[in-house]
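S.K.: Assemble chain Y onto chain X, guided by the hints.
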Amino acid sequence: MVEQIPVTRTTRQLIDETRAREDAFAQVDALMAKASGTAHDVDNTVEVTVDARGKLLNLWLAPHAVNHARLGALIVEIAQLAMREATQDGYNKVALLLGEDMTYLIERLSGLPAPARAENDDPGMTVEEFQRQRELRLGTAQPAPSPPSQEDEDAYWESFDPASLRSDR
Amino acid sequence: MADIDLDREAARVAEHADSTADQARRRFDQVGKITGKAESGDGSISVEVSPGGLLAEVNLTRSALRFGSDSIAQQIMELSNLATRRAGDKMYQALAPVLGESGAKHLESLGFERLPDDEPQVTEIFER
Numbered sequence: 001m002v003e004q005i006p007v008t009r010t011t012r013q014l015i016d017e018t019r020a021r022e023d024a025f026a027q028v029d030a031l032m033a034k035a036s037g038t039a040h041d042v043d044n045t046v047e048v049t050v051d052a053r054g055k056l057l058n059l060w061l062a063p064h065a066v067n068h069a070r071l072g073a074l075i076v077e078i079a080q081l082a083m084r085e086a087t088q089d090g091y092n093k094v095a096l097l098l099g100e101d102m103t104y105l106i107e108r109l110s111g112l113p114a115p116a117r118a119e120n121d122d123p124g125m126t127v128e129e130f131q132r133q134r135e136l137r138l139g140t141a142q143p144a145p146s147p148p149s150q151e152d153e154d155a156y157w158e159s160f161d162p163a164s165l166r167s168d169r
Numbered sequence: 001m002a003d004i005d006l007d008r009e010a011a012r013v014a015e016h017a018d019s020t021a022d023q024a025r026r027r028f029d030q031v032g033k034i035t036g037k038a039e040s041g042d043g044s045i046s047v048e049v050s051p052g053g054l055l056a057e058v059n060l061t062r063s064a065l066r067f068g069s070d071s072i073a074q075q076i077m078e079l080s081n082l083a084t085r086r087a088g089d090k091m092y093q094a095l096a097p098v099l100g101e102s103g104a105k106h107l108e109s110l111g112f113e114r115l116p117d118d119e120p121q122v123t124e125i126f127e128r
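Protein chains in written order, with the working numbering: chain X, 1 to 169; chain Y, 1 to 128.
If we strip away everything but chain X, and leave its shape as in the complex, we get (with noise of 0.2 Å):
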């Protein structure tokens, strides 16, 4: 239940509280306009940069980049991967204007999370992984030592003895 507070403020109070608000609100568009990510491959053969609606700004191949096999799908991972740069460009400028709760909001309303947010934003993409994939994908796989499983780490600490610990004194 949200509580009913009289207005002490004048019209004009209120009026110019509206103005304000809705000039920083302009101003959002015109950052997330400006805001741009860029991403390039682990092998350095693409690099993207889109903006923060996912629009490519720039497209470098290597010399090298002919010979890849899944060229085309390799660019289409990597302006995802820009994109995602570019979204948390745009909310890093945003945050700097309206500040971290309103930012917040504008995710909430936009359904479109910072990626930093995100419980799993690390392991999205990492260098390791993409290589795991390409490696995949080119068919040179080598298999990839399996992390260590959420048994193994249990087991490791039912059977951990304190004092095998060094002592400090």
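Calculated directly from the structure, the hints in this document are not laboratory data.
It should be emphasised that the depicted structure is a prediction, and the values quoted were computed from it without experimental measurement.
Among the clues, some could well be false.
Unchecked claim - With a Cα cut of at most 27 Å, we get these calculated DSS-like pairs of lysine-lysine: (1) 105(Y) with 90(Y); (2) 90(Y) with 33(Y); (3) 105(Y) with 34(X); (4) 34(X) with 93(X); (5) 34(X) with 90(Y); (6) 34(X) with 37(Y); (7) 37(Y) with 105(Y); (8) 33(Y) with 105(Y); (9) 105(Y) with 93(X); (10) 90(Y) with 37(Y).
M.R.: Chain Y only, in chain X's frame:
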């Protein structure tokens, strides 16, 4: 003293937004997935983008690879630019009737604009 009923105001805004979203959803159901496509004159390079311009697909035939990487990059740039404007045109046509006049202006500010009737064809772009 005038009190602002925040609950009622919030409900009114939410109701309006929901009804607009419903109408927009129905429009998208009618027109299907909105993308923009463009293809080089010889058909060796084609791109597809989402509204806004993010590359969704890039297809290169073996013959396209003979152009060399700089030329391929430049052609993909030009094709994606054209495809982005085509996707924007489709978005405008799908949403402008739902959003009304002020909403249509907002669509334009997002880069979703009608294409002029004399939009150059891709073949013309590459015959320059």
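S.K.: So, for every hint listed, does it hold in this structure?
M.R.: Hint-by-hint comparison with the structure:
Of the pairs offered as hints, the one joining residue 105(Y) and residue 90(Y) holds, with about 15 Å between alpha carbons and a cut-off of 27 Å not exceeded. Proposed proximity of residue 90(Y) and residue 33(Y) is supported: the alpha carbons are some 10 Å apart, at most 27 Å. At roughly 20 Å between alpha-carbon atoms, residue 105(Y) and residue 34(X) fall within 27 Å of each other, so this suggested pair holds. A distance of roughly 9 Å separates the Cα atoms of residue 34(X) and residue 93(X); the hinted pair therefore holds under the 27 Å criterion.
Between residue 34(X) and residue 90(Y) the CA atoms are separated by roughly 24 Å; this keeps the pair inside 27 Å, and the hint holds. With a C-alpha separation of about 25 Å, the suggested pairing of residue 34(X) with residue 37(Y) holds against the 27 Å cut-off. Between residue 37(Y) and residue 105(Y) the alpha-carbon distance is near 24 Å, which keeps this suggested pair within the 27 Å criterion. Between residue 33(Y) and residue 105(Y), the direct Cα distance comes to roughly 22 Å. Compliance with the 27 Å bound is thereby established for this hinted pair.
Restraint check: the Cα-Cα separation between residue 105(Y) and residue 93(X) comes to about 24 Å, which is no more than 27 Å; the hinted pair holds. For the hint linking residue 90(Y) to residue 37(Y), the alpha-carbon distance of about 11 Å falls within 27 Å, and the restraint holds.
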